[in-house]
Amino acid sequence: MKRLGLLVFGVALTLPSAALAASAPEEDKGAFISEEWELHDWIPIHLGPIDMSINKAVAYLLLGALCSCLIGIVLMRVKVGKDPTRRQALGETIYEVAQVQVAEQGLPTKAIGRWFPYVASLMVFIWTVNMLGFIPLPLSDEKVTIFGVEVPTLAIFAATSTLSVTLALALMTWTFTHVEGIRANGLWKYLKSWIPDVPRVMLPLIIPLEILGQLMRLISLSVRLYANMLAGHMLILTFVGLIIVLENVFLAFVAVPAAAVFYLFEVVIVVSIQAYIFAALSAIYIGSAIEPEH
Amino acid sequence: MLSSFFFLAAAEDGADAGKAIALALGIGLGALGAGVGIGNIFGSMIQAVARQPELRSELQGIQWLGFALTEAVVFYGLIGGLLAYVLV
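Residue numbers (this note's numbering), protein chains in the order written: chain C, 781 to 1074; chain W, 138 to 225.
The hints are simulated quantities; they were obtained by calculation from the structure and are not laboratory data. Don't be surprised by glycine CBs; every beta carbon is placed ideally from N, CA and C. Be a bit skeptical, because a hint or two may be false.
[As the list claims (entries may be wrong)] Interface residues of chain W toward chain C, partial, derived using beta-carbon atoms under 10 Å: (1) Gly198; (2) Leu202; (3) Glu208; (4) Val211; (5) Phe212; (6) Leu215; (7) Ile216; (8) Leu219.
[Stated by the list, open to error] Far from chain W, some chain C residues (derived; all Cβ distances over 10 Å): (9) Ala811; (10) Ala837; (11) Cys847; (12) Tyr898; (13) Ala1032; (14) Phe1033; (15) Pro1072.
Take these sequences, add in the hints, and give me the full structure.
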């Protein structure tokens, strides 16, 4: 059964690349990899200067939001009975990870009530969007004709492998951090808490560094998730794409298993770790702003 | 010295060679540092669990946090390399 699943997965992985090979121009055979991240407007919506068009990433985000709502409703809204069903056990496991591993590690006790919903939904949402990125879905720009009907080819793409999505998530955490810090400590006391106890001579050097450090948090938080997902998809696409770039079908015997290994590594480890890290760091940042150490 | 190396490569074989070297160096040097770091984390974890097996579950959270923070360094290198490849 397991072997059959792997086989089906391998075939599913090669399908989009075969369709892509047909349309790739002769001179630059490797270009189809970067083309996966080109976003074309599907439904153009322009509100003045604001571009709110629906493209591939937006579709994946909407799907991710829907799925994470469903996860919440299906797993958490259960009748609590004497012997817990599997559904309830799974829901409780997710809740416990969010509560014990994420919220209690970073947030002070008095702030858990207010910020637990944020970090928990962040964790579930990022996990869902990451996971959707590794399920082949018919949501690509390439079209293939099956029995006279044009359908999009199956492809893997994660909304979190575009920088604007992760930057928006990081920007949310960053804003909440400073708002909560100012609300809990007052503006002046909060700003003072950034600066560690150092001799007065060092202050001109330390202050710009600390301010820069606050901005770097924004970059590191967003780029970590973005680059992890981008590199994961690129690795898989590059290995499968080797068949097309080197124009040798027999490479599939090496390339598809290698791609499958990276795929499993991403699905089993990276997807969950990145969701956990993003939520845990958000909790730690917000917690350390509410209760500075000195 | 590195920059002069880039300049030579770019001047002789066209800009593409320099870009390729920049991309490879960005990933390679990033992976070098992160490899040492990740090895350190898991090595320390094995030692800690060998000494006090009852702390395993508590240490695991910290271990994965450290792993993800270290692993991200490779990707900063990758993004730097990609920026050099695409923009310059």
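The hints, checked one at a time:
1. Restraint check, Gly198(W) versus chain C: the minimum CB separation of about 5 Å is within 10 Å; hint holds.
2. Checking Leu202(W) against chain C: minimum C-beta separation of about 6 Å stays under 10 Å; hint holds.
3. Hint on Glu208(W) holds. Least Cβ distance to chain C is approximately 8 Å, under the 10 Å limit.
4. Restraint check, Val211(W) versus chain C: the minimum CB separation of about 8 Å is within 10 Å; hint holds.
5. Hint status for Phe212(W): holds, given a least beta-carbon distance of 3 Å to chain C, under 10 Å.
6. Evaluation of the Leu215(W) hint against chain C yields a held restraint, the C-beta minimum of about 6 Å falling below 10 Å.
7. Taking 10 Å as the C-beta cut-off, the interface hint given for Ile216(W) holds, the closest approach to chain C being about 5 Å.
8. Interface restraint check for Leu219(W): the shortest CB-CB distance to chain C comes to about 9 Å, inside 10 Å, so the restraint holds.
9. Every CB of chain W is more than 10 Å from the CB of Ala811(C) (nearest about 13 Å), matching its label as outside the interface.
10. Non-interface call for Ala837(C) relative to chain W: holds, since the shortest CB-CB distance, roughly 18 Å, exceeds 10 Å.
11. At roughly 23 Å, the least C-beta separation between Cys847(C) and chain W is larger than 10 Å, which holds for a residue marked as non-interface.
12. Distance check for Tyr898(C) against chain W: the nearest CB is about 19 Å away, which clears 10 Å, and the non-interface claim stands.
13. For Ala1032(C), the condition that its CB be more than 10 Å from all CB atoms of chain W holds, with the nearest at approximately 25 Å.
14. Distance check on Phe1033(C): its Cβ is at least 26 Å (rounded) from any Cβ of chain W, clearing the 10 Å threshold; non-interface status holds.
15. Once the 10 Å rule is applied to beta carbons, Pro1072(C) is consistent with being away from chain W; the minimum gap is 21 Å.
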